[in-house]
Amino acid sequence: MDFNFTEEQGMVRDGLSRLVREQYDWETRRKAIASGAGWRPEVWAQLAELGILGMPFSEADGGFGGGAVDAMVIMEEFGKGLVIEPFVPTVVCAGGFLKHGGTAAQKEEHIGGIVAGSAVFAFAYAEPKGRFDYADLETTAKKDGAGWVLNGHKAVVIGAPWASHLIVTARTGGERRDRAGVSVFVIAKDSAGITTRDYETVDGRRASEVYFENVAIPADALIGVEGEGLALIELVTDEAIAAICAEACGAMKVAHAMTVEYSRQRKQFGVPIGSFQVLQHRMVDMYTAYEQAVSLTYLATLRLSSDEVERKRAVSAAKVGVGQAARLIGQEAVQIHGGNGVTDEYAIGHFFKRLTIFDAEFGNVDHHLKRHVALA
Amino acid sequence: MNLEFTPEEQAFRDEVRAFIAENYPKHLADFGMREDMSREDFLAWHKILGKKGWSVAAWPTEYGGTGWTPTQRYIWSEENARASTVMPLPFGVSMVGPVIYTFGNAEQKARHLPGIVSGEVWWCQGYSEPGAGSDLASLKTTAVRDGDHYIINGQKTWTTLAQHADWGFFLCRTDPTAKAQEGISFILVDMTSPGVEVKPIKLLDGGYEVNETWLTDVRVPVENLVGQENKGWTYAKFLLAHERSGIAGVARSKRGVEKLREIAANESYDGAPLIKDFDFARKVSQLEIDLAALEITELRTLAGEQAGKGPGPESSILKIKGTEIQQRLTELTLEAVGTYGAPYHGGISNDNGSN
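Chains as they are written, first to last, in the working numbering: chain A, 1 to 376; chain B, 1 to 355.
In case anyone wonders, no lab produced these hints; they're calculated from the structure.
In silico DSS-like pairs for lysine-lysine, Cα to Cα no more than 30 Å straight-line: (1) 31/A to 189/A; (2) 189/A to 129/A; (3) 283/B to 129/A; (4) 140/B to 199/B; (5) 253/A to 319/B; (6) 353/A to 189/A; (7) 353/A to 31/A; (8) 353/A to 283/B; (9) 259/B to 202/B; (10) 283/B to 253/A; (11) 253/A to 309/B; (12) 370/A to 276/B; (13) 109/B to 231/B; (14) 189/A to 107/A; (15) 370/A to 319/B; (16) 47/B to 199/B; (17) 26/B to 254/B; (18) 179/B to 140/B; (19) 353/A to 267/A; (20) 109/B to 47/B; (21) 31/A to 253/A; (22) 26/B to 52/B; (23) 370/A to 254/B; (24) 237/B to 47/B; (25) 129/A to 276/B; (26) 179/B to 237/B; (27) 370/A to 259/B; (28) 283/B to 370/A; (29) 353/A to 370/A; (30) 237/B to 253/A; (31) 253/A to 254/B; (32) 99/A to 143/A; (33) 189/A to 99/A; (34) 140/B to 319/B.
Chain A side only, calculated, beta carbon under 7 Å to chain B, not exhaustive: (35) 2; (36) 69; (37) 288; (38) 292; (39) 295; (40) 296.
Even for Gly, the Cβ is constructed at its ideal location relative to N, Cα and C.
Based on the sequences and whatever the hints tell you, model everything.
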């Protein structure tokens with residue numbers, strides 16, 4: 001049992017921390033979000049240069065041989081700066097599908113682009129009526145010669161406006177909500193028949209509704225085995241959950257620190273409001289929730305390679321505990337900041353927004369409590 | 001970073017498990033009510049561990065500690081929880097022992113530490129007073145120097161299991177003119193001294209565990225002062241912050257959740273086992289999730305301790321969350337047995353077929 005980070009992980013943390021501190025100041029972030037593009041491709045290029053985008057891939061695949069703990073370190077630093085660039089959809093999700101299910105040719109074709117920063121992916125899995133069930137799919141891929149024809153509508157595809165490629169889940173057999181019959185495909189976003197409606201998200205990112213109309217999918221676009229994609233989707237989304245839990249921990253750490261600092265500066269009745277015990281207790285509760293969230297994030301991250309039931313229980317435990325902590329800390333931070341907490345000018349409100357949106361990503365607290373119960 | 005046990009740690013677990021299976025007194029297995037236990041029952045396992053050299057695991061090896069790593073200590077507490085053993089009481093092992101080996105003189109170490117290691121001597125803690133609870137520094141018990149003795153007068157309360165104690169460690173005011181935290185001394189008192197009187201306080205569960213301790217003109221030799229006169233507050237704080245491992249009670253709570261699941265599997269509700277009821281099952285899952293978080297927090301804290309980090313705010317988290325979880329566990333167990341929560345002493349009996 002070991003809770004230490006390696007020297008290399010410490011270096012990654014320091015490098016990223018510097019990048020976020022020096023290049024991700026509040027004003028620059030605000031301008032990027034308001035810009036036409038809505039993100040900063042130059043930051044993406046820097047992340048590629050630093051080796052961050054190649055971290056979780058094996059050296060044989062052109063990466064740097066990192067693992068889940070490296071991804072955790074990276075995501076925590078992103079969370080501290082509310083970095084909006086699409087590391088999770090591209091590196092964790094698309095990268096995960098390629099690592100765990102991709103053919104040699106698919107790895108060859110795509111991983112190099114991810115590592116170099118030239119290929120950006122979005123993960124189109126959610127549907128308007130599917131809620132958190134990855135098998136509840138109305139999108140279909142019907143066999144057509146050697147390939148398939150794709151039809152359907154994917155909801156809130158994070159990072160899709162910036163993406164060059166999409167990972168798409170679709171039903172290739174079985175009935176709606178059946179475990180069997182789910183398949184995963186990788187396709188170029190500019191394939192004929194794909195249209196999108198792009199928009200901003202509450203937490204400063206961009207997303208799309210993605211529509212597929214008779215999109216021709218070649219035979220080599222299938223990731224994994226036809227009709228047996230659900231287990232792969234569950235594995236990759238569990239990895240994504242561990243990653244966003246780490247991101248939430250970074251954001252919670254900063255939100256708590258900002259709140260404590262604000263309570264020391266802000267004076268009412270002639271004294272700092274932080275001298276009031278009623279507020280001190282609330283900030284202690286925030287700190288306690290944060291520490292427990294960190295522990296559950298460690299647990300989920302370290303259990304990603306365990307057997308399926310143990311992995312799912314640990315990941316669901318983390319999504320529940322971190323989700324509850326994120327809600328508590330986000331809301332308390334705003335309350336203790338008073339009126340300033342609800343202004344656009346103060347950073348704290350933006351942490352609140354990210355921590356609020358976090359809950360529903362890959363299943364909310366209720367959903368994962370249910371999964372935890374089912375696996376008991 | 002990893003959660004795996006090394007082959008050496010696995011072997012250690014096997015060794016510990018086998019030792020407990022072979023040596024733990026059979027008549028104390030899964031003991032229920034503490035007030036039914038005799039002094040010898042309380043000390044039985046302690047004495048066996050004393051002979052084995054395992055009774056004061058966390059102490060420095062020169063005083064009898066085992067030199068176990070935090071992971072080994074974690075395994076040790078897990079295995080004891082698994083067997084529901086009656087562990088050595090904390091007053092000697094975790095409280096006064098570390099104060100004596102850290103601040104005491106050579107004579108005090110030689111006189112008092114062996115009895116704590118062996119389990120022959122029972123200690124109690126004289127801190128709280130009727131008017132000094134969480135505001136401990138307002139304590140009023142006085143120790144006045146008279147030649148080679150202190151004369152102690154005052155009243156202590158919540159003195160846990162003092163009815164069995166041979167010795168007590170008491171905080172007494174030795175300088176009445178000093179500010180609250182100053183002027184307090186840490187004094188060891190032979191509980192058989194004339195003028196020491198222990199009176200039971202009956203508790204809500206019908207049990208007898210805590211006492212009022214009255215001290216009337218108790219004469220204590222000055223060599224029983226630990227460290228310097230008027231510096232007792234420093235030692236008192238050291239004691240409170242010292243023992244971080246085990247204060248969360250994680251291993252016992254994990255065992256408690258297993259028992260809760262067994263009970264809920266045998267209770268029926270709406271024609272099915274209670275544990276199949278989603279509203280109940282989700283409360284158990286939420287408890288397990290919070291307990292998993294606490295377990296990792298404790299392991300992180302122990303790892304920090306091993307790396308030489310001093311106690312930080314996380315030791316308070318362990319105490320707070322650990323206690324809350326124990327309360328929720330008890331509450332859920334009460335809910336699980338339904339109306340059988342009402343019978344006093346032994347509501348969970350064989351009568352309702354639930355356990």
